[in-house]
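J.: From first to last, the protein sequence lines stand for chains A and B.
Sequential numbering of the first sequence, starting at 1, is according to our numbering.
Sequential numbering of the second sequence, starting at 1, is according to our numbering.
Everything labelled a hint here was simulated from the structure, so no lab data went into it.
Among the clues, some could well be false.
Label-pair distances were calculated between CB atoms; the ranges are [claimed, not checked]:
1) A:Ser192 with B:Leu12: 37 to 45 Å
2) B:Lys44 with A:Val25: 52 to 60 Å
3) B:Leu11 with A:Ala247: 50 to 58 Å
In silico contact screen, one side only, chain A against chain B (beta carbon under 7 Å); selected entries [unchecked claim]:
4) Gly56
5) Ile61
6) Ile64
7) Ile111
8) Val114
9) Thr115
10) Leu118
11) Leu223
12) Thr226
13) Ser227
14) Asn230
15) Val232
16) Leu233
17) Leu237
18) Leu240
Sample of chain A residues facing chain B (criterion: CB under 10 Å; computed from the structure) [what the hints assert, rightly or not]:
19) Gln55
20) Tyr63
21) Arg90
22) Ile107
23) Ile214
24) Ala216
All values reported here derive from a predicted model rather than from experimental measurement.
Ideal Cβ positions, reconstructed from N, Cα and C, are used throughout, including at glycine.
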Amino acid sequence: VKSLLEKIFDTIFMNPTRFMALSAVVLPWVWGLASLFLAVGLFGAFFLVPPDYQQGETVRIMYIHVPAAWLAMLAYIVMTSASLGVLVWRRPLADFALKAAAPLGAIFTLIGLVTGSLWGKPMWGTFWVWDARLTSFLVLFLIYQAIIAIRQTMDDARGARVAAIVTLVGAVDLPIIKFSVDWWNTLHQPASVFRAGGSTIANAMLWPLLVMAIGATLLFFALLFTSLRNEVLNNRLARLRGQTALAEEPEATEPAR
Amino acid sequence: MNDDAHWTYILLAYGFTFAIVGAMIVRVVREHRRLSAELHRLDKSGGADG
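Looking at chain A on its own, in the form it has when it is part of the complex (with noise of 0.2 Å):
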């Protein structure tokens, strides 16, 4: 399993001509299946759930808030990993894998911040208050901004390890935001599907929430390898221009020689 693990991890941070090669064959695989696990998690989350005792038809929103904010925490793990990729293992791709990631990230910590206040409002009567749990995943999103700036102003090899100790700083947030709703008293309910004891939540409801996971999850992937590859063609596109620059060049330069 190690030298699998070590096999994959080489071939996405090392090597981007073979990541290319299989990108381009796994690709719309993931692209298929994650299509198929949300259209069926979507048909279940409408027409095969029943409203919930307490929360009526809103419990709904279950389904795509809480794949969101998994997704918002994932996508820091993969970033987490690639900081170390740049620092540590100073791996060609694993810069790319933290600027491919870190928009994806925000943009799914903003679903789970949005969909969760339109969740709050109807269940609490408020759109937000300053619980542990949601100021948390707030600095999250805050986080995401920081990194992505630093990327679209510092687009170099300092640009790229000055955002991967930001990303490694900032990790200290995903365990707070995890065990906020244990170490405080927070508005926002405490852990319900990965729990010690089992889901609390019925056969019927945890299904397509857990179907709804796993094709987000695919869909994720699918924009967090597609976004890779853009990265990689860019790279390429950079290095061609340079390369017809300089074959330009020489006959403008030729006479300081």
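With chain A held as given, fit chain B onto it using these hints.
T.: Relative to chain A, chain B alone:
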């Protein structure tokens, strides 16, 4: 709160999500097509020059 009000929040949540995820998919895929086409064009022109 009645069910109609609940559905307003549900539709707003799903509408926002579909709009933002849809825009992200379109942006990433269009960018990929543009870059692939440009690379293909540059490769071809480089080959023709060579």
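J.: For this structure, which hints from the list above don't hold up?
T.: Hints 1, 2, 15, 21 and 23 are the ones this structure does not satisfy, whereas the remaining hints hold.
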